[in-house]
Amino acid sequence: MLKSMTGYGRCERLAEGRKILVELRSVNQRFTDYGIKLPKHLGFLEEPVRSFASEYITRGKVDIYISVENYEEADKDIHLNTALAASYISALAKLRDEFDLRDDISVMSVAQFGDIFKAERREEDRDEIWRLVKGVMEEAMAELVAMREREGERIEKDLVARIEYMKTLTEKIDERSPQTVAEYREKLYAKIKELLEEREPDETRLLTEVAIFADKIAVNEETVRLSSHFEEFYNIIGSGEPAGRKLDFLIQEINREVNTIGSKAQDVEIAKLVVTLKGEIEKLREQVQNIE
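If you use the UniProt record's numbering, the sequence shown corresponds to residues 1 to 292, in order.
No lab work stands behind these hints: they were computed from the structure. Virtual Cβ for every residue (Gly too), placed ideally from N, Cα, C. Some clues are possibly wrong.
[Said to hold, decoys possible] For each label pair, taking beta carbons as the anchor points, the in silico distance ranges come out as:
no. : residue 1 : residue 2 : range
1   : E232      : K37       : 33 to 43 Å
2   : R30       : S239      : 15 to 25 Å
3   : Y165      : E124      : 56 to 66 Å
[To be verified] Taking lysine-lysine pairs in the BS3-like style, the calculated list, with each CA pair at most 27 Å apart, reads:
no. : residue 1 : residue 2
4   : K167      : K283
5   : K167      : K61
6   : K264      : K283
From just these sequences and the hints, can you work out the full model?
As structure tokens, this is what we get:
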């Protein structure tokens, strides 16, 4: 089954006194790119998060947002700089005495000097944090993957329908090609006969000219290769492996064969079929750009 590169997944959970949120977004991009946003103190999670995501996503741009909040207990310890606090108190006392101010030095007045306090985040068990985050991330990832698979299924149906249509167009080219040679022979015969004033043309020379023309416009090799490419298209889709890059390359090969047929076309009907094929190729290319 094909997977789209477009998806979204979100999971929020309360676990062991923490509120954990994981949000994932993925869009199409030629290569793999992870944009990971974490709280500063959880920077150590970047590598395991990237490694975990790479197990599920092999192509596309993925934005990963993670937040962890403690609810049951404080996650910081407050340290008092007593020496600095004493300096502030001494300065306040001097100010009071110097200007004969009312003595209202209190804890609250000293606490207004915020630099006497220093908040330090408590050291947490990194393995435990990753265990909790990973559990939430698994649910968000499952949601994102499911969305990518649903979108991939819709794209696959469209691709299959277009390949089937292109097979039909190719068969019509195969059927039309011999008719083109026969029509050329009739026109050439009539033209030569007219020039020879109704005398019968030399059959050997006529056959030689027709053979040269037939060889010039022959597209059977191209249509055989096209049929092979169509079968390979199905093989890639059914492989269960990431298929975007392979399909992109295969479409280039299909386009090459169709261009060759177009350059050989000496027939209006075949030329029309080639134009239609090229239109389908462009639609294939657009769809494949969003395949993982």
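Hints and how they fare:
Checked against the given bound of 33 to 43 Å, the beta carbons of E232 and K37, roughly 41 Å apart, stay inside it. Distance hint check: the CB atoms of R30 and S239 are about 20 Å apart, consistent with the given range 15 to 25 Å. Checked against the hint of 56 to 66 Å, the C-beta distance between Y165 and E124 comes to roughly 59 Å, which is consistent with it. Pair hint K167 plus K283 holds up; C-alpha atoms about 15 Å apart against a cutoff of 27 Å.
Between K167 and K61 the alpha-carbon distance is near 34 Å, which puts this suggested pair outside the 27 Å criterion. Note on K264 and K283: the hinted pairing holds, with a Cα-Cα distance of about 24 Å set against a maximum of 27 Å.
Taken one by one, the earlier hints fail for this structure only at number 5.
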